[in-house]
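Colleague: Using the sequences and the hints given, assemble the complete structure.
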Amino acid sequence: MAFIDLKRKEIRAKLVFYGPGRGGKTTNVLHIHKTMSRDVCGKMVTVDTRGDRTLFFDFLPLTIGKIMNLTIRIQIYTVPGQVLYNDTRKLVLRGVDGIVFVADSLRVQKDPNIESLKNLEENLREEKLDIREVPLVLQYNKRDLAESNIPILSIAEMQNDLNRELGVPAFKASA
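FYI, in this note's numbering the residues of the sequence shown are 1 to 175.
Hints were generated in silico from the structure; no laboratory data involved. Hints are supplied without guarantee of correctness; some may be wrong.
[As the list claims (entries may be wrong)] Label pairs and their calculated CB-CB ranges:
1. Asn149 - Lys118: 29 to 35 Å
2. Asn149 - Glu126: 25 to 31 Å
3. Met68 - Asp130: 25 to 31 Å
Just so you know, even glycine gets a beta-carbon here, dropped at the ideal spot from N, CA and C.
Modeller: So, in C-alpha cells, the structure goes:
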C-alpha cells in the first residue's frame, strides 16, 4: 500500500519490474527515464552492473502530479534477474505497491519465465503478500524479434504458461 507522508505532503508508491535475467527490465526503466521530462523524472541510479546484468537494482524516482494537494511520487525499481541474487530480489520487493513482470518472448526463455514468476510468488509469500492481491501486469517483451526470424513464443503460449491462473492484464512490448 502506498505510503502517505502528511508532513511532506506526499504519497509514495513503489513499482517493481521483475522477471528473468536479460528480459528487458532495465531497458524498460531506461526508456521511462529517457522519455519523461526532467521536471517529472529524478536521477536514475543503477547499482553495480557487470556484463550488462543488474547485480543489485535500478532505481528511478518520478513525481507525477498532485491529488488533494499531496504530491504523488512513484519509485521504480528493477530486481536482478539472476536467481543468485534472490536476497536482493526479496529486499527490493519489501513495501511493493505494484509489479510489472517482464517476460522474455524468446522461445529459449520459456522455462526461465515460468521459474521467475514462481520465484516472484514465493518471495511475495515470504513478505506475507499474495500474488493475486498485489497489483500486477505482465509484459510480453521482445515481440519485435519475430521480424528477424528469431524463434519467439506466441502470445497464446505465454498466456497459458504465465497468466492462465492469474488472469491479470498483459501487454506486448519491444524493449
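Colleague: For every hint, state whether the structure bears it out.
Modeller: Right, here's what the structure says about each hint:
Our hint of 29 to 35 Å for Asn149 and Lys118 holds, since their Cβ atoms are close to 30 Å apart. The hint said 25 to 31 Å for the Cβ distance between Asn149 and Glu126, and at roughly 41 Å that hint is violated. A C-beta distance of roughly 29 Å is found between Met68 and Asp130, which places it inside the suggested range of 25 to 31 Å.
Of the numbered hints stated above, the single one contradicted by the structure is hint 2.
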